[in-house]
Amino acid sequence: MVIKIIEFIFSPFLAFIIGVFFLGLFRKIVARIHQRYGPPIIQPLLDVIKLFHQKGFSHGALFDLGLILSLAGSIVVVLFIPFGGICPLKSSGGLLVILYTMLFLPLGIALSGGEGANPNISIGISRKLILCLGYEVPFLLILLSTMSFYRTISIVDIVNSQKNFHWTLFSPLFLSGIAYFMILPAMLGMRPFDIVSAPQEISSGPAVEYGGKYLGLFHIQHSFSIFIMIALFVDLFLGGGENIFYFFLKMLTIFFIMVLIHSVFPRLRLEQALRYLWKWPTIFAFLGVIISKVVR
Amino acid sequence: MDEELKRKIEKIYKDTEVEFPERNRMVVKTKKASTLSILEFLKKEGFRQLKAISCVDWIKEGEFELIYHLAPLNSPLHVMVKIRIERKNAETETILKIFENAKVYEREIYELFGIEFKGNPDLSPLFLENWHDLPPFRKDFDTRKYVKKTFDEIPSVEDRNERT
Amino acid sequence: MNLEILMITAFGGSFLTYLCGKVSSKVRDFFAVFISLILVVFISCFYGKSQTIHYFNFFNLPLILTINKLSWLFAIAVEVITALSVIFSLSYMKNKEKLDFYYFIMLVVNASMLGIVLSGDFLSFYIFWEIMSWSAFLLISYNRGPALKAGMKYIVMSIIGSICMLVGIISIYTSYGTLNISQISSQISSASSDYILLISILFLIAFGIKNAIWPFHTWLPPAHSEAPSPFSAVLSGILIKMGSYGFLLILYIIAGLNLFLELFIAHWVLCWLGAITLVISTFIALLQNDAKKLLAWHSIGQVGYIILGITFGTNLGFAGGVFHIFNHATFKSLLFLTVGAIEYRTRGVRDLNSLGGLIKKMPITFFGALVGACGLIGIPLTNGFVSKWLIYKTLILKGHPFLAFAALIGTWGTILSLYKFIHNIFLGQLPEKYKDVKEVPFSMQFPIVILSLIIILFGILPGIPLKVINSIAVSAGFPSLDVSIWGIASEKGALNMINIFATVLIALVLMRLVFQMGEKRTRISQDNNYAAGSYIPVDKYNYTVEFYQPLFRMIKPYFRDFVDEFYSKIVKAGRTLSDRTRKIYCGDLGYYVTYIVLFLVILIAIKLWGKVW
Amino acid sequence: MDRKNILKWLKEPGKMGHKYSLWAVYFCTGCGIIEIPPTITSQWDAERFGVIPVATPRQANLFMITGYVSVKTLKAIIRTYEQMPEPKYTVAFGSCPINGGMYWDSYNTIKHIDKYIPIDGWIAGCMPRPEAIFIGVTKLWMMIDKGAATGYIRYRKNYKFYRRNQEKLFGKLPWPPLYPVDEKENKNG
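Residue numbers (my numbering), protein chains in the order written: chain A, 501 to 796; chain B, 479 to 642; chain C, 585 to 1197; chain D, -10 to 178.
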């Protein structure tokens, strides 16, 4: 019982650390690609400390509650995702519950942003929801292909059935793996698809009215969502890792590739992003589902 | 092409004189009364683009000089129609009917020189904030006096604080 | 306490309210509320008991009233939703005219729905079905103008439906001599499968029209948006569910699902019909700019989930489908009541492009709309999530990933459209003309709060309704589902709502503490906003027009209501045809005499020269 | 540069946080903005000190007045300054904000920016080079350390005078005062 409590406290904390480390790494790699020295790796932590010492402005009760709800939702999702052997909420919900609790993230930000009563925020939120719809089409097909391939809806079973190196990526489902890899930048909100928080166009979208500790919470929530998206990929397609270190290594490689893609591509318009997302990734995911039905 | 244009203008408008100070430059000096008809004529001749309206303040002769810069779309020739209006209560006819984009140019000249353009619907202030003085571009406007009156008048916050 | 008294109180009560209306409006309002609450109490004391009464003889045909677990569940849902909407309409309809007629018809609809659910034989089923259709028509066209056209469309399609049902009933009577549902269900299994197919098609058309499945859905959007809000809450909350009750009746009691499963084509058609209904109508809802039309299109969409749940003969699917019927009843009527509250306060404005910022003025209505929207989307901790989870599990484990994909994409369509609904009405800048809007009176807040509590309670403790549904499933011949108070425990992926609720609560409290750690925040008004350094005066910063503009450009041509256009083409063709015949059949006597003479001449000619026979 | 000094971080995280993550509002007020891109890009990377440009004043705590301030831009500067969260610092570039510089007698530039919004640091140079900007930033660190960068406290304390100066220049301002200004004292003030 005590291990369970430790797991409950440990995994969100670990997720936060990994997420913040990834953000710091992200800024360092992008700086090095620009041939400049770049901030220290722990710079996001310093930013969050500073932001918690600034007096923010609030537009109303929902402005705070929405943000808190989105952060709490991301913590709950982290508890559901098996993370190198530890998965606190193993028994009480499978992939479908993860999928639906992941709705807390965009909805919380959307509600609190809506209260901020600023056109930039609303444009940012409508872009975010459209982009979410865009990448959900292939994402749902991918999840369905893995679920119907392993005949279960609990993610722990999927991870366990990928023991000793026959990962789903190398199994007949490699097409859905490729599709997931193609939509990962959209899910992380990285450069080819950072239409949502475009600083030049809509002055950082939903985060326009966030100052002080609101921005701090927004950054923490962003780090959690990066952790969630990549951990889901590693769990479904790369066998989920025996212990935390292997899991972290796999996540690091995936994140590194994502950062390289981020610093090379310009930002797409929303229609181009949708056309891309509904073309090749969806075709691969569709074939993946057919393969999962045929091969089973 | 420019010579026969010159002859044509002088044939129609008696009191205008046309000269070519340099290559591709044509200056048409006319009276205030015939500006609208000359602009209409030049527009038909192919000078369809009103590039700008500028104004010169000849304070000694007590006159403003309005210059309409026209340009055709297909040749480098640049025409300047110059008219003179007196300084006291300077006002002239608007040319919105011929060139719609003249609205903002006239509004600017009204704000900075004080020339009234009769018929221009919107002559509200464009650049200056909370301005109650002479139009600033006139030669008789003394900027140093204005600065002393508006900016140096405002006390700086610090010494206000020390004294009380 | 037998069923006959129940029906008498239901119908008699409605008539009495009409009489009280003559006396004084206060007495009538009080009496209407009293009747609906009494009916709720009567029904709830029938829990668990089953009883059949033969109450009338119609030319030696026994009319039977019976109650079992399934009909009890529907009956309690009917009563609760109607009681809440009657309470809501107390102050909503305050300054409208013809209120006696309104309350009378509202209670007649309630009584007829009760009759449908309790009827034991097809004849009384049909009689109450007609009463319900007609009284619903009267209420849909209550406020004149476009509502008349919507009512006409509704009544024409429900007549077609009831005619099909009548043909089905007559064919059953001729082949089996009895109309008693329980006797028929035992004898029908011996009939040939294509006879069963014919019967179920006839009945499914009738219930499909009432249930607004995809090809027969065109009456629903105009009917729901033109009806007065309390009644459109009843209409889309419960009246549509009579169609699903008919589905359950046909699939499980008459045809028996294993029979139906053998007719592979019908089963496959029904599933894909449900999936198409789901996807197309949710995305059409996305494009609507009128709040009630948006919700009406969602009513059609959610029926797709119910169909997907019911037509798979597993106990999970049955539980998911039936549970979703009641979830949809709760959050759909809640959403319609909130729109009614908005209409009440903004004097009839429900266009999504001109509202905004009402959260500051109407917090309780916002809470109701938010909980209703979360229920409709299926956010965890609401009952919508549990029923959708059950339906998805059946779809995936039965090996239909593409149907599950259609359902999941439908969820994302609901998310986008309901966020537009909440954002355009409650969030954003408050326009100048709604500055003095106040919260709705208590009699309108009470149903909104009750329904939100039901949604959250059944979301956190899904065991309560699932136990009842499980007992129905067992009585309908399904293997029992190990249901406990917190959810479903099963080897292939369990659902434990209490754990989810506990973790979310703890996470919320923790994050609130983290939020408290930061510096104190200052509250600012809506005009102190970032506008790149410039100051935006009042009312110049409203911006809720065309919320998903980029998406509309891409999906607008594909998601139109083709069926509606197809039907209007048929209507136009019919009208041109009738115009043409008017030329011939033009009404003055001379022409008719010439036609008769001509006809006789032709006959004689054939007789003489024809030599044909 | 005591960023690595953990002890200081634990003692006063607020001050250290504001020192090593100065987020500047990307708002070009005058001719000096041409110096900002080279400071934040690869030649003189400002991000290594934690200084990054952000899109909105809500997220920023450093406001750089780069170059001369025209009367019209002052309105936007005041509006942006008031929208920044509380511990905020302002740095003015060049001599024009100090006393009008070469526009000393022009009718449409502000002579003493200090009369309208508080300024913490001044960087000399008719558009200081990136190295000068870094020196300015380090000076700002020292001021924050000593607690001398109190522009925002001065603004809150003397808001009445700042507001009066602004209204003397612009007439009636459209937006309400940031801090409550009691009218009666303003008359005889």
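Take the hints with a grain of salt, since some may be wrong.
Residues of chain D clear of chain B, computed beta-carbon distances all greater than 12 Å [stated by the list, open to error]:
{"no.": "1", "residue": "Val60"}
{"no.": "2", "residue": "Gly89"}
{"no.": "3", "residue": "Tyr92"}
{"no.": "4", "residue": "Asp103"}
{"no.": "5", "residue": "Pro107"}
{"no.": "6", "residue": "Arg118"}
The list that follows gives simulated cross-link-like pairs (lysine-lysine, DSSO-like), each with its CA atoms no further than 27 Å apart [as the list claims (entries may be wrong)]:
{"no.": "7", "chain 1": "C", "residue 1": "Lys1104", "chain 2": "B", "residue 2": "Lys581"}
{"no.": "8", "chain 1": "D", "residue 1": "Lys(-7)", "chain 2": "D", "residue 2": "Lys135"}
{"no.": "9", "chain 1": "D", "residue 1": "Lys146", "chain 2": "C", "residue 2": "Lys1104"}
{"no.": "10", "chain 1": "D", "residue 1": "Lys157", "chain 2": "B", "residue 2": "Lys623"}
Hints were generated in silico from the structure; no laboratory data involved.
Note that the structure is a prediction, hence the values are computed from the model and not measured.
Heads up, the beta-carbon is just placed ideally off N, CA and C, and yes, glycines get one too.
> Which of the numbered hints above does this structure break?
Replying inline: 1, 2, 3, 4, 5 and 7
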